[in-house]
Amino acid sequence: MNPPAASSEVGLSGVTYDFWNTIFAESPTAFEARLSANVAILTERGVEIDDESMRVGMGRGWEWYRDRWHRNVQTRPEEAVERLLDILGVESDAAVIREMVDVVVAGTDPATMSTAPGVAEVLDGWRERGVRVGVICD
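Going by our numbering, 401 is the number at position 33 of the sequence shown; the sequence numbering is gapless.
Read the hints as simulated data drawn from the structure, not as lab findings.
Hints are not guaranteed to be accurate.
Estimated spans, in silico, between C-beta atoms of each pair [unchecked claim]:
1. 418 with 503: 37 to 45 Å
2. 472 with 503: 19 to 27 Å
3. 447 with 416: 20 to 28 Å
4. 396 with 428: 17 to 25 Å
5. 395 with 454: 23 to 31 Å
6. 415 with 500: 44 to 52 Å
7. 459 with 502: 40 to 48 Å
8. 397 with 428: 16 to 24 Å
9. 383 with 416: 46 to 54 Å
Here the structure is a predicted model, which is why all the values come from computation and not from measurement.
Backbone N, C-alpha and C fix where the C-beta goes; we use that ideal spot for every residue, glycine too.
Please put together the full structure from these sequences, using the hints given.
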């Protein structure tokens, strides 16, 4: 995973990288933490739901999100939560949606995130060659 040695010879002045799962990746336990938090939120409100049902619902929600992402349709966290609740067949109010949105927005603990293998060396290599690096994230 090394940048081209002759980047200046081809007129390269900048490169961009996507943030998620290119430069940084969330902890492998992040999904389970979100799943548990969502189950707890709904259970506290009297909704009978188990981890497996939530896992299936979140998986279907991810497929829905990815389809939108591939079509370049932006998705607000509120929309993702509302879709998950629809998939689960759960009626909710604004307070439930807000609490579940907080789970989405909180994401993962930055202390548990890791960089991709070799990314530091690649970024240093670009910097040494005078190539600007941009990071994008939707």
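request  = Taking the numbered hints from earlier one at a time, note which ones the structure violates and give those numbers from smallest to largest.
outcome  = none
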